[in-house]
Amino acid sequence: MSKIKSLEIKIGLEVHCQLTNLKTKLFCSCSSDYRGKEPNTLICPICMGMPGTLPVLNEKALEDAIMVALALNSKISERMLFFRKNYFYPDMPKNFQISQYDKAGGVPFALGGYIQINGKKVRIRRIQLEEDPGKLSYDGTIESSNHTLVDYNRAGIALIEIVTEPDMETPKEARLFLEKLRSILEHLNVSDGSLEGSMRCDANISLKGGKRVEVKNISSFKEVERALNFEITRQKNLVLRGMVIGQETRHWDETRRITVSLRMKEEEQDYRYFPEPDLVPIIIPRERIKEIEQKMPELPDERRKRFIEQYNLSPQSAEILTRSKAMADFFEESVKIYGNPKEISNWMIGELSSYLNEKSIEIDELTLTSKQLVDLIKLIDEGVISRKMAKSVLQDMLLTGKMAGDIVKEKGLEKILDKEYIGSIVEKILKENPQAVKDAIFDKKAMNYLMGQLMKKTEGKIDPKMASEVLRKRLSELAKFITP
Amino acid sequence: MNGDDLIKSKKRISKEEIEKIAWLARIEISKKELELFSKQLNDILVYFSKIDEVNTESIPPSYHVLDLVNVLRKDEAKPSSFEEILQIIPQTKGKFVKAPRMV
Amino acid sequence: MSYCVELSAYEIIKKIKAQELKVVDYISYLFERIKRIEREIHAYITLTEDSALKKAQDIDKKIERGERTGRLCGVGIAIKDNICTKGIRTTCASRMLENFIPPYNATVVNLIEDEDGIIIGKTNMDEFAMGSSTEHSYFGPTHNPWDLERVPGGSSGGSAAAVISSMATLALGSDTGGSIRCPASFCSAVGLKPTYGLVSRFGLIAYANSLEQIGPITKDVRDCALLLSCIADHDPLDSTSVNKPKEDYTNYLVDDIKNIKLGIIKELFGEGTQDSVEKGVWDAIKKLEQLGADYQEISLKNLDYSLPSYYIIAMSEASSNLARYDGLRYGYRIPNKSYDWNAVYLKNRRFGFGFEVKRRIILGTFALSAGYYDEYYLKAQKIRTLIRRDFETAFKRFDVLIGPTMPVLPFRIGEKVNDPLEMYMCDIDGVPANLAGIPSISIPCSFSNGLPIGLQIMAPPFREDLLIRIGFSFQKNFPILKKLGGHE
Numbered sequence: 002m003s004k005i006k007s008l009e010i011k012i013g014l015e016v017h018c019q020l021t022n023l024k025t026k027l028f029c030s031c032s033s034d035y036r037g038k039e040p041n042t043l044i045c046p047i048c049m050g051m052p053g054t055l056p057v058l059n060e061k062a063l064e065d066a067i068m069v070a071l072a073l074n075s076k077i078s079e080r081m082l083f084f085r086k087n088y089f090y091p092d093m094p095k096n097f098q099i100s101q102y103d104k105a106g107g108v109p110f111a112l113g114g115y116i117q118i119n120g121k122k123v124r125i126r127r128i129q130l131e132e133d134p135g136k137l138s139y140d141g142t143i144e145s146s147n148h149t150l151v152d153y154n155r156a157g158i159a160l161i162e163i164v165t166e167p168d169m170e171t172p173k174e175a176r177l178f179l180e181k182l183r184s185i186l187e188h189l190n191v192s193d194g195s196l197e198g199s200m201r202c203d204a205n206i207s208l209k210g211g212k213r214v215e216v217k218n219i220s221s222f223k224e225v226e227r228a229l230n231f232e233i234t235r236q237k238n239l240v241l242r243g244m245v246i247g248q249e250t251r252h253w254d255e256t257r258r259i260t261v262s263l264r265m266k267e268e269e270q271d272y273r274y275f276p277e278p279d280l281v282p283i284i285i286p287r288e289r290i291k292e293i294e295q296k297m298p299e300l301p302d303e304r305r306k307r308f309i310e311q312y313n314l315s316p317q318s319a320e321i322l323t324r325s326k327a328m329a330d331f332f333e334e335s336v337k338i339y340g341n342p343k344e345i346s347n348w349m350i351g352e353l354s355s356y357l358n359e360k361s362i363e364i365d366e367l368t369l370t371s372k373q374l375v376d377l378i379k380l381i382d383e384g385v386i387s388r389k390m391a392k393s394v395l396q397d398m399l400l401t402g403k404m405a406g407d408i409v410k411e412k413g414l415e416k417i418l419d420k421e422y423i424g425s426i427v428e429k430i431l432k433e434n435p436q437a438v439k440d441a442i443f444d445k446k447a448m449n450y451l452m453g454q455l456m457k458k459t460e461g462k463i464d465p466k467m468a469s470e471v472l473r474k475r476l477s478e479l480a481k482f483i484t485p
Numbered sequence: 161m162n163g164d165d166l167i168k169s170k171k172r173i174s175k176e177e178i179e180k181i182a183w184l185a186r187i188e189i190s191k192k193e194l195e196l197f198s199k200q201l202n203d204i205l206v207y208f209s210k211i212d213e214v215n216t217e218s219i220p221p222s223y224h225v226l227d228l229v230n231v232l233r234k235d236e237a238k239p240s241s242f243e244e245i246l247q248i249i250p251q252t253k254g255k256f257v258k259a260p261r262m263v
Numbered sequence: 009m010s011y012c013v014e015l016s017a018y019e020i021i022k023k024i025k026a027q028e029l030k031v032v033d034y035i036s037y038l039f040e041r042i043k044r045i046e047r048e049i050h051a052y053i054t055l056t057e058d059s060a061l062k063k064a065q066d067i068d069k070k071i072e073r074g075e076r077t078g079r080l081c082g083v084g085i086a087i088k089d090n091i092c093t094k095g096i097r098t099t100c101a102s103r104m105l106e107n108f109i110p111p112y113n114a115t116v117v118n119l120i121e122d123e124d125g126i127i128i129g130k131t132n133m134d135e136f137a138m139g140s141s142t143e144h145s146y147f148g149p150t151h152n153p154w155d156l157e158r159v160p161g162g163s164s165g166g167s168a169a170a171v172i173s174s175m176a177t178l179a180l181g182s183d184t185g186g187s188i189r190c191p192a193s194f195c196s197a198v199g200l201k202p203t204y205g206l207v208s209r210f211g212l213i214a215y216a217n218s219l220e221q222i223g224p225i226t227k228d229v230r231d232c233a234l235l236l237s238c239i240a241d242h243d244p245l246d247s248t249s250v251n252k253p254k255e256d257y258t259n260y261l262v263d264d265i266k267n268i269k270l271g272i273i274k275e276l277f278g279e280g281t282q283d284s285v286e287k288g289v290w291d292a293i294k295k296l297e298q299l300g301a302d303y304q305e306i307s308l309k310n311l312d313y314s315l316p317s318y319y320i321i322a323m324s325e326a327s328s329n330l331a332r333y334d335g336l337r338y339g340y341r342i343p344n345k346s347y348d349w350n351a352v353y354l355k356n357r358r359f360g361f362g363f364e365v366k367r368r369i370i371l372g373t374f375a376l377s378a379g380y381y382d383e384y385y386l387k388a389q390k391i392r393t394l395i396r397r398d399f400e401t402a403f404k405r406f407d408v409l410i411g412p413t414m415p416v417l418p419f420r421i422g423e424k425v426n427d428p429l430e431m432y433m434c435d436i437d438g439v440p441a442n443l444a445g446i447p448s449i450s451i452p453c454s455f456s457n458g459l460p461i462g463l464q465i466m467a468p469p470f471r472e473d474l475l476i477r478i479g480f481s482f483q484k485n486f487p488i489l490k491k492l493g494g495h496e
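Protein chains in written order, with our numbering: chain A, 2 to 485; chain B, 161 to 263; chain C, 9 to 496.
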C-alpha cells in the first residue's frame with residue numbers, strides 16, 4: 002500500500018455555473034426561470050435555433066461575468082469574440098454552442114486567477130461565458146429507451162465556465178474549492194448554488210505516471226467527492242494490477258455511483274470552432290471594470306476577516322461560518338437580533354453543523370430561522386432550561402419545526418426554581434441517603450453524589466446552582482449535630 | 161513534382177476523408193455521390209489553392225467588417241410564444257420534443 | 009387599366025393616392041397576370057392571393073376614409089423565399105423546409121407591412137441561396153423572362169423574374185455573393201445590395217452571415233430608392249444592424265453626376281468576361297462621362313483572390329448555419345421507427361438537402377476541421393482584410409467603383425449546372441462587394457442579342473446615396489426602351 006500512497010494525484014475542475022439571478026437567457030428574452038416549468042414552455046424562435054433568428058447578448062450577463070472574474074482575481078480580456086463550437090447533439094437547438102475560445106484568434110473572457118482554500122491557492126486557467134443546452138430524458142434508461150424526450154427550456158441559459166489548473170490533490174480539496182467558489186458566487190449574488198443543476202462540473206484526474214482521465218456529468222457539488230473517490234480507487238486498482246491508465250473520457254453515473262467509459266468516435270472531438278458572425282466583438286474598457294470593482298459586494302475572505310475582528314471569533318470559527326453565504330447570513334442575522342456572537346457561533350458550529358452534516362443538507366434547507374435559534378439561546382440565558390436540555394430542544398426544533406418555547410412548555414422542561422420546592426426535594430434526598438450525608442459532611446467531594454441524586458429525581462430540571470446552595474446550607478446545619 | 165503539383169497534391173481530399181467529413185456534417189452519402197463529390201470537391205480545392213499565393217503574414221482577419229462593438233440587450237423577459245413553436249415540431253410527446261433513441 | 013401592372017411602384021402609388029386606381033383592382037390584375045404567365049416563368053414557390061386581396065381591401069378603405077397610408081400604399085411585393093413570413097410557408101427552395109411555416113416575420117417584412125406594402129408571394133431561388141442560376145431549387149428552375157430557355161440568374165432569380173415580367177411590382181432578394189445583382193443583371197432589373205449592417209438580417213435564413221444583406225430588386229432606380237427607404241432601419245434583434253438615423257433615399261433621386269469620379273476596376277474585366285459584356289459596360293461608362301463624370305482605370309490586385317476567399321468563408325459559415333436542420337424541431341424528418349439519432353440525422357440531411365447544398369456543407373466542414381482552419385478559413389478572412397484595404401485605398405481617389413455585374417450573358421438552363429466550379433466562376437464580379445461589406449448596385453445598361461447586361465457600381469460603406477444618384481441620372485438620360493415580349 003505504501004506504493005499507492007506515493008502516487009501523486011492531480012485534480013483539475015471544469016465548473017459550469019448558471020447565472021441564476023438573470024431574468025432572461027444569454028441571447029434571447031425568454032425567461033430563465035425554468036425550474037419546475039412544463040417542458041418547452043420557455044422557448045422562443047431564437048433559443049430554438051429557428052431559421053433566420055439571431056442572438057443578442059444579455060447586458061447583465063456580461064456584468065455578472067465581470068464580477069466573477071474580479072472575485073476570482075482573473076484578468077479580464079479587453080476585447081473578445083464569441084465562438085461557435087460545432088457538434089451535433091439533440092439537446093442543442095442549433096447544433097452548435099455559442100461559447101468562447103482561446104485559440105484561432107480568440108481569447109477567453111478572463112485568464113488566470115485563483116481561489117484560496119485552507120491557505121492553498123488553486124489556480125484558475127480561464128473563465129468564459131456560454132449557453133446551456135436543453136435537457137434530455139428517457140423512458141427508462143438511455144440504453145433501453147426507444148426514443149429521447151427533449152425539453153429546451155434550459156437551452157440558452159447563461160453559463161459561466163471556470164476551468165482550474167490541476168492544483169487539487171484530494172477529493173476533499175476539490176470539494177472545498179467548489180464550496181468556496183459557490184460561496185463567492187453567492188456573495189456576488191450572481192448564482193444560487195442551491196438550485197438543482199445550477200452548478201455542474203467535469204473533473205480531470207491523473208495519477209503520477211498515468212494519463213489524464215476526464216469525468217463528465219457530475220451534476221452537483223455533493224457528487225464531486227464521491228465521483229473523484231471512485232475514480233481514484235479505480236485508477237489505483239489498475240496501477241496495482243500493473244495496468245496503464247490511458248487518456249479517456251468517462252461519465253459519472255449518479256444512480257450506480259460509478260464512472261463509465263464513453264467510447265467516443267475520435268472525430269467527434271473536432272469542434273470546428275470559428276468566430277460567431279452574428280455577434281459583434283465585446284470591448285470592456287478599464288474604466289468599466291473599475292466602476293464594477295467599486296460596487297463589488299463583500300466576498301467570503303473579507304467577511305471571514307471581518308468576523309474575526311468584529312465578533313472576536315477564532316479564525317477556525319470564522320472560516321466555517323463563511324464557507325457558505327447562507328451560513329454567514331444566518332450567523333449575522335442571529336447576532337443582529339440578540340448579540341452574543343460567541344454563543345451563536347458555538348451553537349452553529351456545534352449542534353447545527355453536525356445536524357447538517359449528518360443529514361447532508363444546507364442551512365437554508367432548514368425551517369429553522371435565526372430568530373428561532375436566538376429564542377432558544379435566550380431560554381438558556383434566562384435560566385429557563387439548562388444547556389443540556391437546550392441541545393435536545395434544538396433537535397426537536399429541527400425535526401418538528403416547532404418553537405423552542407412551545408417544546409419546553411409541552412414537555413414540561415422548565416427548570417425548578419422554586420426555593421421552597423427545592424428545599425423539600427433536598428430534605429427528601431437527605432433522608433433517603435443517611436450514609437451519603439455523613440460522608441458529605443466530612444468530605445466535600447462526596448456532595449457530588451447527592452447532587453447527582455437531586456438531578457436524577459428531577460430529571461435534570463432542578464437548577465444546579467440553587468440546588469447546590471440549598472444542599473450546602475443544609476449540610477453545614479447538620480454538621481453541628483454530627484461528630485466524626 | 162514541381163511546385164504547382166505539390167500544392168495540388170496537398171490540397172487533395174481522399175474519399176476516406178470525404179466520408180469522415182460527411183459524418184462530421186451528418187450527411188449520409190451514397191457510393192455514387194461519393195464518386196461524383198470526390199471529383200468535384202477536388203477540382204474546387206485545387207482552385208481554392210490559388211489563395212496560397214498571397215502572403216498574409218501579419219495581416220489580421222476580417223471576422224467583422226463593421227466597427228460595431230458591445231451590442232447588448234437589457235435583461236428583461238418577454239412572454240414565450242411556445243404554443244406556435246410546439247405546433248410545427250414534427251414529433252412530440254406531450255410538450256416534449258420527441259427525438260430518436262440515443263443508443 | 010390592367011396595363012397598370014407594368015408600371016413602376018412610383019407610378020402605381022401615384023394613381024392609388026389620386027384614387028384613379030383601386031388597390032383591389034390592381035392586385036387582382038397582378039394575380040390575373042400571374043395566372044397567365046407564371047407557368048412559363050415559375051418565379052414563385054408560394055402565392056398569397058387571399059391575404060393579398062384582403063389587405064388590398066383594407067388599404068382601399070383607409071384611402072376612402074382619408075386615413076394616412078404607408079409609403080408603399082398597396083404596392084404588390086414579392087419576397088424571396090429565404091425571408092421569413094409569419095404564417096406563410098418559407099421553404100428556402102429546399103425539401104428540408106418544404107412545409108416550414110415560421111411563427112415570426114423577418115424584420116423587413118414587418119417594415120414593409122407597416123408601410124402598407126402587400127405581399128404577393130414567395131419567390132423561387134437556389135436552395136438556401138446557394139447558386140447563381142435558380143436551377144438549384146427543390147421546386148424546379150425559374151426561367152428568364154427575356155428568353156425562357158435561359159436562367160434568370162441567382163440566387164434571387166424568382167424575385168428578379170417576377171418584377172421584370174410584372175408579376176410583382178417590387179421584390180426583395182438577398183445577396184451573399186451577388187445573389188441580388190446577378191439576377192437583376194440577367195433580367196434587366198435594378199438590384200441593390202446595401203452596406204453590411206444597413207438592413208436587418210433578422211428573419212433572413214442564414215447562408216453566410218458575415219456576407220449577406222437583404223435588398224430591393226425593382227424595375228427602376230426610383231423604386232429601388234423607395235423600397236430601400238422602407239427597409240433600412242436599425243433593428244435591436246440583429247447585433248450587426250447599424251444604429252443610425254433612418255434615411256429617405258428618394259432624396260437622392262437627383263439628375264446630376266457632374267465631376268463624380270468613377271474608378272473602373274481592371275480586375276472585373278478579367279479572363280472570363282464575354283466581349284459583349286465588356287462592350288456593353290464600357291458604352292455605359294462613356295455615357296456616364298457624357299453626363300459629366302470623370303473616369304479612370306484602377307487595379308485592385310487582391311480582387312484576383314476574392315472568389316476563392318468568398319467561397320471558403322461562405323461554405324464554412326454555411327456548414328455551421330445549416331447544422332440546425334436535423335428534423336427534430338422543424339423541417340423534414342424521415343419516418344424513424346428503428347434508427348438511432350445519428351442515423352436519423354444522417355438520413356434527414358441526405359434526403360432533405362440538394363446536391364449543391366451538400367457539396368457546400370461538406371467543403372465548409374472540411375475548411376473548418378482540425379488542421380485546416382488556418383489554411384482555409386483564417387487565410388480567407390485575412391485576404392478579406394487585404395481586399396477591404398484595396399477598396400479603402402481606391403475610395404480615397406474615387407467616389408464610386410465600376411465594373412460589369414456579371415462576366416457573362418444569361419446562359420442556358422442546364423449549361424453549367426453539372427459543373428459546380430464553372431458555376432462559381434460566374435460570381436467573380438459580385439463577391440468583392442460582399443467581402444468588403446460595401447454597397448453595390450446593378451443597373452441595366454444594354455442588351456446583346458436580346459439578352460440584358462448589367463452595370464455594377466460600388467460605393468464606400470453607407471454611401472447608397474451615390475449609387476442612387478448615379479443610377480437615377482443614367483436611367484433618366486439613357487432610358488432602355490426595350491420591352492419585354494414573347495410570352496405575353
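No lab work stands behind these hints, which were simulated from the structure alone. Nothing here was measured: the structure is a model prediction, and the numbers come from that model. The beta carbon of each residue, even a glycine, is placed where N, CA and C say it ideally should be. One should not assume that every hint holds.
[Stated by the list, open to error] Just so you have them, the derived chain C footprint on chain B, three or more residues with Cβ under 8 Å:
| hint | region |
| --- | --- |
| 1 | 182-188 |
| 2 | 198-208 |
| 3 | 223-233 |
| 4 | 241-255 |
[Stated by the list, open to error] Among chain C residues calculated to face chain A with C-beta under 8 Å, some are:
| hint | residue |
| --- | --- |
| 5 | N217 |
| 6 | S218 |
| 7 | H242 |
| 8 | L299 |
| 9 | G300 |
| 10 | E325 |
| 11 | Y381 |
| 12 | E383 |
| 13 | L386 |
| 14 | P468 |
Against the structure, the hints come out as follows:
1. 182-188: holds (count 7)
2. 198-208: Holds, because 7 residues of the region 198-208 of chain B bring their Cβ atoms closer than 8 Å to Cβ atoms of chain C.
3. 223-233: holds (count 7)
4. 241-255: Since three or more residues must qualify, the claim that chain C covers the region 241-255 of chain B holds, with 8 doing so at under 8 Å.
5. N217: Holds - the Cβ of N217 (chain C) comes within 8 Å of chain A, reaching about 4 Å at its closest.
6. S218: 4 Å, holds
7. H242: 13 Å, violated
8. L299: Result: violated, 39 Å to nearest chain A Cβ.
9. G300: Since the shortest Cβ distance to chain A is 40 Å, the answer is violated.
10. E325: Check passed: Cβ of E325 (chain C) comes within 6 Å of chain A, closer than 8 Å.
11. Y381: 6 Å, holds
12. E383: 12 Å, violated
13. L386: 7 Å, holds
14. P468: With a closest approach of 20 Å, the P468 (chain C) hint is violated.
Taken one by one, the earlier hints fail for this structure at numbers 7, 8, 9, 12, 14, listed in ascending order.
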